[in-house]
Amino acid sequence: MCASLVDTARAQPIADTETTIPINGRLTVTPNENYEAGWLHRAFFGTHWRDAWTTPVQVQVIDLKTYAGGLTPTKRGGGMQTKSLRFAGGDGREYKFRSLDKDPKKVLPKELQSSIAAKIVQDQISSANPFAPFVVAPLLNAVGVLNAAPTLVVLPNDPLLGTHRDEFAGLLGIIEEHPSASEKQDASFAGADKVEGTLDLFMRFEKRNDEAIDARAYLVARLMDIFLGDWDRHTDQWLWARVDEGGRSVWKPIPRDRDQAFSRFDGLFPWIASHAVPQLEGFRASYPEIADLTTSGRHSDRRFLASLDRLTCDSIAQVVAGALTDAVIENAVRQLPPKSYERDGALRIVLHEVAVHIDRVEQ
724 MCASLVDTAR AQPIADTETT IPINGRLTVT PNENYEAGWL HRAFFGTHWR
774 DAWTTPVQVQ VIDLKTYAGG LTPTKRGGGM QTKSLRFAGG DGREYKFRSL
824 DKDPKKVLPK ELQSSIAAKI VQDQISSANP FAPFVVAPLL NAVGVLNAAP
874 TLVVLPNDPL LGTHRDEFAG LLGIIEEHPS ASEKQDASFA GADKVEGTLD
924 LFMRFEKRND EAIDARAYLV ARLMDIFLGD WDRHTDQWLW ARVDEGGRSV
974 WKPIPRDRDQ AFSRFDGLFP WIASHAVPQL EGFRASYPEI ADLTTSGRHS
1024 DRRFLASLDR LTCDSIAQVV AGALTDAVIE NAVRQLPPKS YERDGALRIV
1074 LHEVAVHIDR VEQ
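For what it's worth, the numbering used here labels the leading residue of the sequence shown as 724, then goes sequentially.
Rather than coming from a laboratory, the hints here were simulated on the basis of the structure. Note that the coordinates shown come from a computational prediction; the quantities given were computed from them, not determined experimentally. Just so you know, nobody snuck in bad clues.
Using 30 Å as the maximum straight-line C-alpha spacing, the simulated BS3-like pairs for lysine-lysine come out as follows: (1) Lys829 / Lys842; (2) Lys907 / Lys930; (3) Lys798 / Lys828; (4) Lys798 / Lys788; (5) Lys828 / Lys842; (6) Lys917 / Lys930; (7) Lys907 / Lys917; (8) Lys917 / Lys798.
Required output: the full structure, derived from the provided sequences and hints.
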């Protein structure tokens, strides 16, 4: 068990850049084979979604010359764990690439970043389903929640990456549109004339009262967070698109970074950790304590949902429940890579069970 932790490699799965990476071809890539573990390790640290991480998957190598009219890297981004690279598309839109795997050691004190603690934290990335965003997107579409459609790709070993080539060439990840406004209406995300983050929106509302949040749309998005078991919905996980509705400026929510949907926290040590950090709720067929599951989004919830009365909330929840049909769920789960669907397709059964009761959540 300890040996498997010590042998855990870097979190960023790099395709072999010493060989030729085809342009607009396909590669077979394993998201992270180092999450493989024997029965004893799984008993203590969890089975999680290890099999999804350690199963090879065929992935498109993105052609930077042709995708979205041609992609030009603009800046490196990412939080404490994820590598990301922003691109300007030839179609006038912005795009963002995010690494599929994460490197969480930076969240630890410097003195622990080379310790066994760092290896344990890295190992727990396997609690997340690497392909969750591809299942989430069609479910959000079904209930009318704005979102950016993700595509699984490998970045090519291409001079067009410029100074980012050494770090990003051969990296497996997700590329999607980065919601932004443009002077060209057809290049703006969802027709928005402005896109802001949550904290910027808080400050904006302190200064003006001629704009409003689409509270109904936000409630739908939060009900979906609960449905998906996505506990990591803090303020930075949202963008907001300003659109005109009947001459009034309304801000609509755009949830992003769905890495924690369907998370699993099995195993002895994760179970202990979940008692210390209650929001670490694993996805299952019955709803957990809703206050724990939604705690990371509580500040936005209190600010944006106060205007909705009980009857309105009930009716919205019923509409969401009606939209999550068996066919919608089946189609969403089939967005998993073929081998993952063969193994984890039972996810649809759990989603069916949860969907039946989603209209009772707000009670």
